[in-house]
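Engineer: These are the residues of each chain, in order.
4 protein chains.
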Amino acid sequence: MNFSSDNASGAAPEILEAIRAANNGTARAYGEDVWTARLEKEMARVFACDVWVYPVLTGTAANALALAAVVPQYGAIFCHEGAHIATEECGAPEFFTGGARLVTLASRDGKLSPGQIERALAQFEKGSVHHAQPAAVSITQASDFGTCYRPEEIGAISSLAHSHGMKLHMDGARLANAIAFLGCTPAEATWRTGVDVLSYGATKNGAMGAEAIVFFNEEHARDFGYRRKKAGQLASKMRYVSVQLVCAFEEDRWLRWANHANALARQLAMRLATVEGVEIAWPVEANAVFAFLTDALIDRLHARGVSFYEWNAGSDGRRLVRLMTSFATPEDDIKRLIEAASG
Amino acid sequence: MNFSSDNASGAAPEILEAIRAANNGTARAYGEDVWTARLEKEMARVFACDVWVYPVLTGTAANALALAAVVPQYGAIFCHEGAHIATEECGAPEFFTGGARLVTLASRDGKLSPGQIERALAQFEKGSVHHAQPAAVSITQASDFGTCYRPEEIGAISSLAHSHGMKLHMDGARLANAIAFLGCTPAEATWRTGVDVLSYGATKNGAMGAEAIVFFNEEHARDFGYRRKKAGQLASKMRYVSVQLVCAFEEDRWLRWANHANALARQLAMRLATVEGVEIAWPVEANAVFAFLTDALIDRLHARGVSFYEWNAGSDGRRLVRLMTSFATPEDDIKRLIEAASG
Amino acid sequence: MNFSSDNASGAAPEILEAIRAANNGTARAYGEDVWTARLEKEMARVFACDVWVYPVLTGTAANALALAAVVPQYGAIFCHEGAHIATEECGAPEFFTGGARLVTLASRDGKLSPGQIERALAQFEKGSVHHAQPAAVSITQASDFGTCYRPEEIGAISSLAHSHGMKLHMDGARLANAIAFLGCTPAEATWRTGVDVLSYGATKNGAMGAEAIVFFNEEHARDFGYRRKKAGQLASKMRYVSVQLVCAFEEDRWLRWANHANALARQLAMRLATVEGVEIAWPVEANAVFAFLTDALIDRLHARGVSFYEWNAGSDGRRLVRLMTSFATPEDDIKRLIEAASG
Amino acid sequence: MNFSSDNASGAAPEILEAIRAANNGTARAYGEDVWTARLEKEMARVFACDVWVYPVLTGTAANALALAAVVPQYGAIFCHEGAHIATEECGAPEFFTGGARLVTLASRDGKLSPGQIERALAQFEKGSVHHAQPAAVSITQASDFGTCYRPEEIGAISSLAHSHGMKLHMDGARLANAIAFLGCTPAEATWRTGVDVLSYGATKNGAMGAEAIVFFNEEHARDFGYRRKKAGQLASKMRYVSVQLVCAFEEDRWLRWANHANALARQLAMRLATVEGVEIAWPVEANAVFAFLTDALIDRLHARGVSFYEWNAGSDGRRLVRLMTSFATPEDDIKRLIEAASG
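Chains as they are written, first to last, in this note's numbering: chain P, 1 to 343; chain G, 1 to 343; chain C, 1 to 343; chain V, 1 to 343.
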């Protein structure tokens, strides 16, 4: 049983089938193929607006290049201290921006609030050449702690960001899970509430490897094609990347897959909460369950072959752990995990 | 009929089947999976030596990161003026090295010679902080003009490079085609003749999208894992990249596919040479046919739906064109192209 | 009366005289002059060891290039949250290192302790390519809060740093003030207690504009000449930079100047402490006096033409302010400031 | 006798006196002083237009940062193959631009022509993300070969550049010498003929070390203050840099000094031309004499203590050498050099 991460799962059969279908004869390389053209149309439909879409190959590149498109080298980027860009990308945003600085803010649930961004901004002297200049806020939806920003929360952050001349970036590696939970439209979750640039990730939700940088404003995309190429992120046989994204958006598969993962996470949390010595850390909104477990329970689960991450030590000698579900998690795994946990 | 580039072709059925087979349950992410481990073993077998293998996602990244691993920011890289790194990568090597300089050298057949490198070196004042310092020679095998370095030619270049403290990088986007033509071992084509770091490309030869940076010396690979991650080139579901490479090397498929492409290019050249107004520009060694065609012939081919690239104007009002074959080019396309050319 | 910063002062007459004396006929450019050679000898004498000295032109460049010499692009640098590199250099360290990350740590007195560095290190997963890798500790001597590390404190930090494979960098923009206070030898303040690379600043202490990056280990300096040049920090008429540094070190002028500044700061603190409503924030060790003042007192001082920086709000409605002295502060200014403060 | 370079000379007495006069009491740091304000006014007067002036500390920084202000990371910069940015700056432009590419063009006299730029442009596929995009032309005035662009030549180049969406940068390390030769106004030599950004150098012409980046368009300067700071080029005691520039421009000293250097170069060329075995390579316009000398004559001059640079081998077994004069070259040195040359 593997609850370590949603990227431990494979690819959905529909994705493989879409790739197989795209593997038909020759096609123009470097994104001038019909699948890539279809992707932009499909995303315009899904997001109900004009979009400028640039498929790339990893989530790290999606985040770092999206930020580099809207943040100057002397900029500061405000994000949660647990954000993927701050903790898991080996400083890629700093590299691709030419040395911008991440300003990390703490909160229990993995989400930023306008108040804390405002307090952090107060430390910056705008217009002083000695200091990095506030340039962007980056939020993660669903957050790295499995929680989701409500549209009005995004709107409040974007209002603040824009009033200070900053852009709002969304790391949407798990945007599908967030939208599935919120039940809002993709538009409400992004540009209608002020998101300027989105890193959309399909990889954790059914794809083999496909990410897209989505601009909601043509100006931001103006010279992005050169930047993507120079960054080594322009796939030659792009059709195989684009078709994964097309497949995920068509027939709302991305939301169905996310719904499956979310549902299993909720189920897991509910049943785990009944096991002695377990405390669910915070409400489960997307596909991650954070829980405090006793050392004995952790050892027992590992012994029974359950993979998951230990986060850090909590109160009462218990440890915080993360259990993730995905589009491919078998329902039976929940039952088996609870059995293992219950001894 | 598409003779525009070998990356216009799709993926080999064996590659799709290997991906399908790898899509089985969960796997550790970020290259800690069994397919990636198998890849290093497989390449050690193929190259008959220890290798340090880092799969990446595009040829541009493979070249730029390989060079950045062995060239300091103040370094100079000697390459052919028609090399992919000089003409087709939007300055990615300069970006990833932190500002190293490409020194481009001309030759009719796309290959560098020790003599011209030596003459170029004479312009550099070694040890002077005012000048970029010679740091690497980068050769392309097969070259961008479809010609192949003989092992002894590589040896002569590497001897010169090493005697000046420079590393030898090989852009092996079409290494399979070169080895298939030369009939030498992969070892003879690379480390035995002094190649320090290889960018191996499977994408143009049967894969969907899979490249690998191969170090033949552990020292060069020492901190490369961090560099790849920071560059946004560490795939999370790496198994799908690695398995493509494994599939290509297993059962010598890479050479069989390359042989097919080479054979068709030779056949195409032989038959095209008999068409009035055609002059084959130089001997066809790999899978590219460079030929001088009259404008009338070019127009006729385009009118018949043949895609290919026009290179530049030649003598006698003819133009140089490039016709490429791939592992997937149908034999029948050669016949049809010749029929179209013959009027 | 200007107590805003020690860089508000001009240059010492001896510095101007040394420049005048160096302005004699022609000299080899780019540091191949006799003054630059003399500087290395003079600093070897002062530090009682072999040194590799690279004059540069600003303190920001001295810090950023020194760090870039010992920190890889994927490195993490631990420093105080009030360190000049973190707060006053617009992200220059991130730029010159190619994207390394500053990890800022808080303390009341502006100094780092081994314990807090160790706790911060515990958050880093060494050997994981996803995370920036601990590469250097940077300490500021005297600190930005005017306090001084004792040699044994430096030794404890360097032991910890070295045991984790990190280098110890010292921002010595006010090293003279620290050594004048400590009464130790320059060697004890630096390499004998484990400093690997020093950014030495003469500008704040008598010079017009002269900084030096000092390596205590030849290996770190190996290719530094190229890096300095590429960074635009190799002065063509270097003699005018080097001679300022030579002049400062000769006859121990640097320490005499620093002693003057320190003595006046102590005197200022002692007398200011007797003014009603004033609380000296922490012991004055170098040439900065941090004190809590009432708003009324701050207003009065400004009204009397006293310049100084307001830091931040303290307890009891008082504000923290910084008053700096320099080698050139007239003794009379202390008396006049106290008179102004006393109403 | 030192004819090696104009930066072998010291500083003019007026410069030293201006520095001494500025060394009076305290001043605001980082360019907020009265001398820096006066500099912008003085340069507006000299150039007869609004200017945005940023003093920096080296010519390499002046060029690299000026280019980085107007060239994106994916840009191409067209310059002469002998340009300082191409041959003497260790790749600083590539570093500060984030990896832009220099495209070097050859000509006998060190100057670019619109025709050759146009031919070079024809090699670039505009709008293709695979290729660096033409972004700037950089010309050197006076050129590295001692020749001067006429205003109409600059106008022709800027027209071409602007019609292709490129900016025109002028490396004015010896602009004073060019204007002194041309007898035109500074405006005619720069913005009136289409120069967008100027790197003005005072160091080679009387100053100790003072350069300025001059924008003729506010838009280009918009965020340049941050870039200068982040690049480590914002001097803390800026008054000493600015006052050198002010001094040079006041009372037209820059042109008087340049006139002296130019006059001596012309005199040197005229008299040297009469020495047996000497051929002046091209007309002397600024302060450099390029001449073909026999090996015997070169040896004799070196033996008599004359310093100069040997460029490269010419025809008839003679070698090309460069002899430079400066504002400080004693008239007597010309006589003595001719005596030495004449045996």
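Hints in this document: simulated from the structure, not taken from any laboratory.
Computed from a predicted structure; not experimentally measured.
Keep in mind that a hint or two might mislead.
The list treats identical chains as interchangeable, and a pair is accepted whether it falls inside one copy or across any two copies.
The calculated lysine to aspartate or glutamate pairs, modelled on DMTMM-like cross-linking and capped at a C-alpha distance of 20 Å, are [claimed, not checked]:
{"id": "1", "residue 1": "Lys126", "residue 2": "Asp223"}
{"id": "2", "residue 1": "Lys41", "residue 2": "Asp252"}
{"id": "3", "residue 1": "Lys126", "residue 2": "Glu17"}
{"id": "4", "residue 1": "Lys126", "residue 2": "Glu88"}
{"id": "5", "residue 1": "Lys126", "residue 2": "Glu310"}
{"id": "6", "residue 1": "Lys335", "residue 2": "Glu40"}
Engineer: Now tell me if each hint is right for this structure.
Structural biologist: Here is what the structure says about each hint:
1. Lys126 with Asp223: Answer is between: at 12 Å across copies they meet the 20 Å cutoff, but 27 Å inside does not.
2. Lys41 with Asp252: Intra 14 Å, inter 41 Å, cutoff 20 Å: intra-copy only.
3. Lys126 with Glu17: neither (52 Å within a copy, 38 Å between copies)
4. Lys126 with Glu88: between (29 Å within a copy, 13 Å between copies)
5. Lys126 with Glu310: between (40 Å within a copy, 17 Å between copies)
6. Lys335 with Glu40: neither (41 Å within a copy, 38 Å between copies)
Hint compliance for this structure: hints 3, 6 are broken, all remaining hints hold.
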